[in-house]
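One-letter residues, chain by chain:
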Amino acid sequence: MVSLAIPSDIAFVILTVVTITAAIMALHAKELIYGAVSLAVSFIGIAGFFALLDAPYLAMLQIAIYVGAIVVLILFTIMLVRRDQAPEIDEQTNSESPVGLWLAGLLALAISGVVALAGASLPTGEPPANLQVSDLGPVLTSQYPVPLIVLALLLSASLLGALVLAKVER
Amino acid sequence: MVSLTSYLIVSAALLGIGVYGLSVKRNAIRILFAVEIIVNAANLNFAAFTRYMNPPQVSGQVIVFYSIAAAAMEAAVGLALILVAFRLNSTIDVRKLNKLKG
Amino acid sequence: MVVFPPTTPAELVALVIRIITSHTFITVVVFPGFIHLTVVVIFLTWYERKLLARIQLRIGPLYAGGPGGLFQPLADGVKLIFKEVMIPYKASKPLFLGIPVLLVFLSALPFAVIPFGQHWVIANIDVGLVFVFAMTSLFPSMILLFAWASNSKYPFLGGLRSLFQQVAYEIPMWISTLSIVLLAGSLNLVDIVRAQQKIWFIVPAFLSFVVFFISIMAELERLPFDLPEAEPELVAGWYTEASGAIFMLIFMGLYMKLYLMSSLVTVLFLGGWWGPTILPQPVWFILKSLIVATFIIIPRGVYPRIRVDMLIKIGWTRLLIIALANVFLTIILIGTGFMTAWGI
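Protein chains in written order, with this note's numbering: chain A, 673 to 842; chain B, 5 to 106; chain C, 35 to 378.
The hints are simulated quantities; they were obtained by calculation from the structure and are not laboratory data. The reader is advised that the hints may include incorrect statements.
Derived list of chain C stretches under chain A, where covered just means 3 residues or more per stretch with a C-beta under 8 Å from a C-beta of chain A [stated by the list, open to error]:
1) 72-80
2) 152-166
Short derived list, chain A residues pointing at chain C, Cβ under 10 Å [stated by the list, open to error]:
3) Asp681
4) Phe684
5) Val685
6) Thr688
7) Val709
8) Pro728
9) Tyr729
10) Ala741
11) Val744
12) Phe748
13) Gly777
14) Leu778
15) Ser806
16) Pro810
17) Ala824
18) Leu837
What you are looking at is a predicted structure, and each value in this text was computed from that prediction instead of being measured. Cβ atoms here follow ideal geometry from the backbone N, Cα and C, with glycine treated the same way.
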């Protein structure tokens, strides 16, 4: 069978460009809804990263939960919170000095510097990892059962909490 | 061959973008976008370490699994809070939502 | 001998023939790929109109040519291509034009993991079922975006109703597949079908089959779950403002989703490609999918529309309980050794 083998390096570069561009556009788009759509694209990019990292189950979960549920919630809220003024006058970042930009830039550079300096002592992953999807189940239920149950309780609590908060008082 | 360093640098860049959005933006929903970007950067970090350790630890994927679920919960409650704040104050500009009362 | 890069025309022809006859090319382009999907979707549009017509004591399309009006979809397609695409005032152009394309793309993408035969699957990934789940969970957000981008009241209300309905019925849909995953012991769709060699999973998981079938009828917005498209109230629901080629794309996307859901029922419950070896395996698969599609189409001509409170009650409570009951039943079946986690 002829296999169409795309080198994973090209895929990595494309995914990086897509994810970071979409993340920047999510914060800078004029309309909030376009921002939400870019955020969804950035989430799909991260799902692509998970697929490259031998975690296909996580990639599918990321798409199903983040893009399929969280982005829908965000779109809903944006539509419910619309004021009837045409332009979105929220962002006026030019009036202050770009402290936020410097802060974020320095943070990212510092972490990248530390990572690059420690490059030799990081694990290399030379014997290729053979992670199967079926490895996840036994670890979840036998090694980490308590967080699983706590997560279930938290999910119910957050569901009830969101319902109570958003209820309209009549 | 893509090394672990590249993934960590991408994760750091996303963290930087998220922190920038968190500190500069005034719209509460954009701040939520920034928080989600930061959480995704952390997830990417965990997943990258899972793959590149020898022997590979599946615990990293378990952490990402929980993190995705927890982020879903946090987004739901956060959006409900934004809705309530909008109903009470008719604005979602966080610089105006600075009174704890009412 | 195939040489790359080819230097003479004869080598070029040899290379092209080698590519065209390779298994990858055939699976992606011809058999469970583009050509087969397009042909089946076009056939389904004609089939539905003829079937509904016969149920309603009419004849259906007859005059467009071919035996029994078989070229009617072709005539429809040509007409829709030549109609003007009207974009509403202040609608969002990128979303309005881009989302129908994305809809067709997302409806066709899960076919990459559905096995039409023992070796007729485009991508045999280990998480096939979760892949289909992830792709179908993207539909509600696209519908909401298209409805919002139409900048008009009727589509927006229809889009919201459609979103509520689809999100509500996704939960019983995927919990009912939990029993199937327990019985087959794998999330891989090829393994799920291979585990049904002795007995189809509709027999031990009959309650799940019922829940899944009802849920996909709600996902596809077919009568009796027709609220988002209630014709006397909402004109056409979320795609009211679509015209011309946009409408054709949405129409194709909806029918591709119908074929996708029927194929999914076949893979999960009806034994996929297994059947007596008189006919080849893919033929059995397509035959079973078309029978399931028939049973999805028939209620459209028979049942009245469901009320919204019944819709919510059934979707959020009743179906979920029945699906969970089936999961417990499956656990008991496997625990007592009656069935192993690989079929009987």
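Tested hints:
no. : hint    : verdict
1   : 72-80   : violated (count 0)
2   : 152-166 : holds (count 5)
3   : Asp681  : 21 Å, violated
4   : Phe684  : 19 Å, violated
5   : Val685  : 23 Å, violated
6   : Thr688  : 22 Å, violated
7   : Val709  : 7 Å, holds
8   : Pro728  : 5 Å, holds
9   : Tyr729  : 5 Å, holds
10  : Ala741  : 7 Å, holds
11  : Val744  : 5 Å, holds
12  : Phe748  : 8 Å, holds
13  : Gly777  : 30 Å, violated
14  : Leu778  : 35 Å, violated
15  : Ser806  : 8 Å, holds
16  : Pro810  : 13 Å, violated
17  : Ala824  : 14 Å, violated
18  : Leu837  : 19 Å, violated
This entry does not satisfy hints 1, 3, 4, 5, 6, 13, 14, 16, 17 and 18, going by the numbered hints stated previously.
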